[in-house]
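Visitor: Chains H and G are the protein sequences, given in the same order.
Numbered according to UniProt numbering, the first sequence terminates at residue 478, and the numbering increases by one at each position without gaps.
Numbered according to UniProt numbering, the second sequence terminates at residue 478, and the numbering increases by one at each position without gaps.
Some hints here could point you the wrong way.
As the list makes no split between identical chains, a pair holds if one copy fits it or if it spans any two.
With a straight-line cut-off of 25 Å between C-alpha atoms, the simulated DSS-like cross-links for lysine-lysine are [what the hints assert, rightly or not]: (1) K70 - K378; (2) K342 - K104; (3) K36 - K147; (4) K250 - K444; (5) K147 - K70; (6) K36 - K66.
Treat the hints as calculated values from the structure; they're not laboratory data.
Protein chains: 2
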Amino acid sequence: MKASGSSGKEANLLFKQAYEYMVTRMDRGEWNAHDKLPSIRRLAQELQVHRLTVFRAYQLLKQNEKAYVKEKSGYYVSPSKTEEQVPTGHTENNRSFPTSSALKNSLSEIQHIPVTYQFSQALIDPNLLPNLFLSEHVKKVFDIYPKLMGTYSSAQGDVELREYLCRYMVRHHNLQLAASDLLITTGGQQAIDLISRIYIRPMDPILVERPTYSAALDIFRQQGARFIPVEITPDGYDLANLERLMEKHKPRLFYMNPTFHNPTGYTVPAAQRKQLVELAERYRCLLIEDDAIHEMYLDQPPPPPILTYDTEGWVVYLRSFSKYIAPGLRICAVMGGAHVIKSLVTAKSLADNGTPLVNQKMFLHYFESPRMQRHLEKLRIALQIRKEIVEQELASTGWRWVSPQGGFNLWLQLPEHIPVDQLLEECLRQSVSFIPGEICDPLKEMRSWIRLSYSFVNEEQLRDGVRRLIDIAGGYTT
Amino acid sequence: MKASGSSGKEANLLFKQAYEYMVTRMDRGEWNAHDKLPSIRRLAQELQVHRLTVFRAYQLLKQNEKAYVKEKSGYYVSPSKTEEQVPTGHTENNRSFPTSSALKNSLSEIQHIPVTYQFSQALIDPNLLPNLFLSEHVKKVFDIYPKLMGTYSSAQGDVELREYLCRYMVRHHNLQLAASDLLITTGGQQAIDLISRIYIRPMDPILVERPTYSAALDIFRQQGARFIPVEITPDGYDLANLERLMEKHKPRLFYMNPTFHNPTGYTVPAAQRKQLVELAERYRCLLIEDDAIHEMYLDQPPPPPILTYDTEGWVVYLRSFSKYIAPGLRICAVMGGAHVIKSLVTAKSLADNGTPLVNQKMFLHYFESPRMQRHLEKLRIALQIRKEIVEQELASTGWRWVSPQGGFNLWLQLPEHIPVDQLLEECLRQSVSFIPGEICDPLKEMRSWIRLSYSFVNEEQLRDGVRRLIDIAGGYTT
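Please work from the sequences and hints to get the whole structure.
Guide: So, in structure tokens, the structure goes:
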């Protein structure tokens, strides 16, 4: 969607967001076919934008045949062309099943296309896990807790696991926490979802990195958030600009992934971390620090989590532990102030009544084992080798990237003449997949970028697949 | 909350709902301290209620010190007394942490109080599960699937499990389904939550049984639903009244639990089941059929699920399988039309990216075993004995109930002179817990009823605990 005659980048952003908000309300079935749309004046007031912004968005709706105009009356919702009408002889009203187009998970759509050269999954190759040991080891859990299969966890999570993780945080980050400051969720994704349900209302402005984790964007969109992008670079954020955004938009939260950032691999330097907490306090903006792969560094450990600088409870820390340990178990810990955790525990209890106890006990049992540390060291070496293979293959392409110090991905800028959408289509046909930068961008631009994950396939496949990708890209000439 | 001068039960219900809606918006932080409330005219239009209803609700807000009036200007939000202000020297605006009072899980609050005589948990006593067999049996899963711990499930759920459940539905209910018509969730609670996120918008009218499962009410409240109660009796529903409600309110869905209903134990008779589907089709109202304990009958199997009468896709069937098999695994299957399942799969992928594969494989492995059927038979006998113990003990009290043909609960009507809230308080002090009827009632009445679960404690504790309960109740004289 491109707006003509924009009076500046910011106005254009507001216009885009207002339009997206309207489409979302239609998709969700809140604005149904032939409903009258709110008056421009009223909606402008509700969204706190200029009336002209609403007018332009309404015009675009009309242009896209999503709305129509009745003389002297106003704008009305057009009947959707894609709505699934259920045939029945007894129609008393014209309700159809709601469509699901407000709900999207772009990432998962790409990842679920089966291909040989799977570079869209930022996951550990299952062959790199100590599968045999792990299986034998977790079996013991059933002897230690004989009634495990019949027992529910509390909504907050197993207290033995939470206490263990407290000791872990002291040992690794010199951070004192109580078990009550932790919530166990089924993976980091659930943590993001619970947070967004509590803190985001439709049209709430929130800060998100640009680019960022695309599934998080989809979750925030589902809640109707308005994105305020914060550029992330190899040097971190532009803090002066960040302060200006916090002051101006008063966002409720900043969703950030400061360590081996997804998709770029960048790490926000230690020097900025304390300042970020000061900004959060000053502008009362929660920092949602997603730290999914802290341990996946190559040469040296990353700076301490931003959480360690927090004294007032403005950081909510999402630590996904299972991703590189036993991803199938789906264990994440949320750490934060008492007020935040209390709300999240209730949301969790309504959402699924607690992560299954069996997963928590299996995770704990393995996480405590000395074998786990040895596994991590082997994993780091394997990832280093895979990264080097990709970088060697790409060396002659002229594509640009910053070599990451950890994580699973390369964030590549392709020459402008390569149309990434067409490239992806052709790659999928030839059994290669990657993530187009566009879906990682809250502004849906960044059309010359791609994320290439080197963690999921073996060395030989990696080499072959990257060669095939380069080969296909070579077909687009300047 | 009691309204004076009500012009009828329905008007009073609308008033209550409007008030609750306003309080929820304040609790959620959508209406903040010193914000001007919408004009009465505008809000009445938005909620589709009479202006007088909004006026009365505003008056009650004022009376309860949740709103104040400025002369010639309107109503404003009062600053909350309970908001947690975070002290900081750098306050640039007066935002506080959002409070969580819009989020409630009344059931889980009571269940988490540790007591000896636990009658508030409608769960199987872990001692009734074949724990030793189960533990040894599931260990084999790790040999069958050596990379299980490192593998993610698809968001929709393991295809092997879904295909098995299709065969199960043919065998047990002569119902043909495809694996694509199923979604695996982490327990029935998550299924209810996902459905409510897709189908319920603030102030949407939905049909709920009265009484019903209280956690479901809390989930629907979180989405801002407006409850239209449908009385459930030992004979099912009053279908003529149900039709009137569907015609009048055009509800999007009816959340029902027609088999060994929670909390009453009633079962909707076979004769009504087909008619319910006809009503659903005619009024385009989804039937959410929660069938959590289908197998937990005493003498004979219940009537077939309502789903089996559905041809047009108006029934969404939630079959919790793990509740009496291996509750710790938390496995539920949602079955429904393609359009519903498609939306739910996306919502599930955003919520937690799929139920852990290890849980699904462990469940399947046990569920397929011949041992499972023998376990079910033993369980039915054990539950029958426990039910009889409670009924024997209660025989002389004069309390009233309908003896259930399955399930885990007795729904008891106590004499009017016993104040159930005080009784619960005193019982908890004396280590007995139960569920007060009030939280199961969408209208928050039913103050003489309690739900007593006989499934969770052993026979001796059951006898002792019920005696203690009767003893405490005897302290309240007419």
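Visitor: All hints, please: hold or fail.
Guide: A quick look at each hint next to the structure:
1. Taking the shortest Cα distances, K70 and K378 never come within 25 Å of each other, neither inside one copy (68 Å) nor across copies (68 Å).
2. Proximity of K342 to K104 under the C-alpha cut-off of 25 Å is restricted to the inter-copy arrangement: shortest distance 11 Å between copies versus 29 Å within a copy.
3. Taking the closest pair of Cα atoms, K36 and K147 never come within 25 Å of each other, the shortest separation being 58 Å inside a single copy and 55 Å across copies.
4. For the identical chains of this complex, K250 and K444 are intra-copy neighbours only, at 23 Å inside a copy versus 38 Å across copies, given an alpha-carbon limit of 25 Å.
5. For the homomeric pair K147 and K70, neither the shortest alpha-carbon distance inside one copy (66 Å) nor that between copies (61 Å) is at most 25 Å.
6. Proximity of K36 to K66 under the C-alpha cut-off of 25 Å is restricted to the intra-copy arrangement: shortest distance 12 Å within a copy versus 32 Å between copies.
The structure does not agree with the numbered hints 1, 3 and 5 stated previously, though it agrees with the rest.
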